[in-house]
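*Asks:* Sequence:
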Amino acid sequence: MESRKFRAKIDYSVQTGRKESAYCVILPLRCLLLKTRKPLDFEKFSELEDHLNERKNTPLYNVLRANLVTFVKTILALNESEDEILRVAAILDTNAFEVRQTGESRKVRAIYPMAAMFSHDCISNARHTFDEKMNIVFIAKTPIAKGEIICTSYTQPLWSTIMRRTHLSQAKCFDCTCRRCRDETELNTFAGSITCSHCKVGKVVSTNPMDNNACWKCQLCPHQLSAKQIHLGNAAIQKEIESLDKSSVKAFEEFLYRYRVTLHEKNTHILQVKYALSQLYGNAPNFSIHELNDAALKRKIELCQELLETADIFDGGWSIFRGNLLLDLQEAMVIQAKREFLCGLLTRDATQEKLLESMNLLKEAIDIMKLEPDMKQVLNDRTQQLAKELEVDE
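Numbering (the UniProt record's numbering), first residue to last: 1 to 394.
No wet-lab data here; the hints were simulated from the structure. Mixed in with the good hints, there may be bad ones.
Computed beta-carbon distance windows for the label pairs [as the list claims (entries may be wrong)]: (1) GLY233 with LYS146: 26 to 36 Å; (2) CYS215 with GLN170: 19 to 29 Å; (3) ALA110 with LEU78: 14 to 24 Å; (4) GLU43 with GLN279: 39 to 49 Å; (5) ASN62 with THR142: 39 to 49 Å.
Glycine residues also receive a C-beta, built at the ideal position from the N, C-alpha and C atoms.
Assemble the whole structure, with the sequences as input and the hints as a guide.
*Replies:* Now the structure itself:
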């Protein structure tokens, strides 16, 4: 293309936050050009799994066929076949990592061939991050024995089995059969279950979690539901959650109240809303951490503690999920302790004890988050702030 002095017809004037749809061809194009520029790298890239046969008739690949293939073959006049171009796209969709650059709001995709070999498990023992030079770094979340498979998770811990397996099937083209997915109770959390509408006590669970079309049955009574009823119900509730005002504490609390009977406290939808609330308390308009009244502060603490119990089951050890919850809990506990001391509700010794407890939470959060480039300043500020708070005067 250089020899033909090709220039893409894209207005590339700098505009903050602007997205240009034509840029989506750049990464596939770079990969295609490796064939002539860096043949050994292209050979290594080509060895990665693509699942093209499963992908090529999907709506997304019909769009790629119309846009990406047309751009490469017609606009750029390259000689690659349609299948070659789509295979590159499929390799990227199967193996690429999303890279968040420190201090930047934009995200990019990148291929790390060795990292792409890691196995998936919904209860993973490792996680990844990126250093300041965009090298990928893997971190053990839990102790990993010699000979044990190192696995990461390609999905979200608060999603139910149906949601996780559907996402993995569509995005990564495989059916997960991990311990959590095989267990109809999801490790006794019943995250994908609803409360039985007949006996009002039992949980309605799948009769076969490996089959999305299996019927669902109450554990305590004969009541059954079809898979279609479960899927439609989940879709309707998820749509309702997505329509909530993302800056409104009231909207999310009202959702929990509406579904307090139908959905038990560890149902996937309830957990997602509770996590959103744990973030809204302390960050939403008029709900910044220092604006929270005592009841709201207590609510934030309760939400963080409850979610940490769930995190220990689904995403335990040194997970980012736990790290963020620990930081939120620690900050709220410091403010609560200080308020209660100033109001005479806590003695100096009791306040010091509570602050020391928050220090232990911060130490654990630092252990978890210290290798995250964008967290260094946050962790340093928290440490200095807590050191000052420990000097409580009578």
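*Asks:* Kindly indicate which numbered hints from before are broken by the structure, ordering the numbers from low to high.
*Replies:* Hint 1 is the one this structure does not satisfy, whereas the remaining hints hold.
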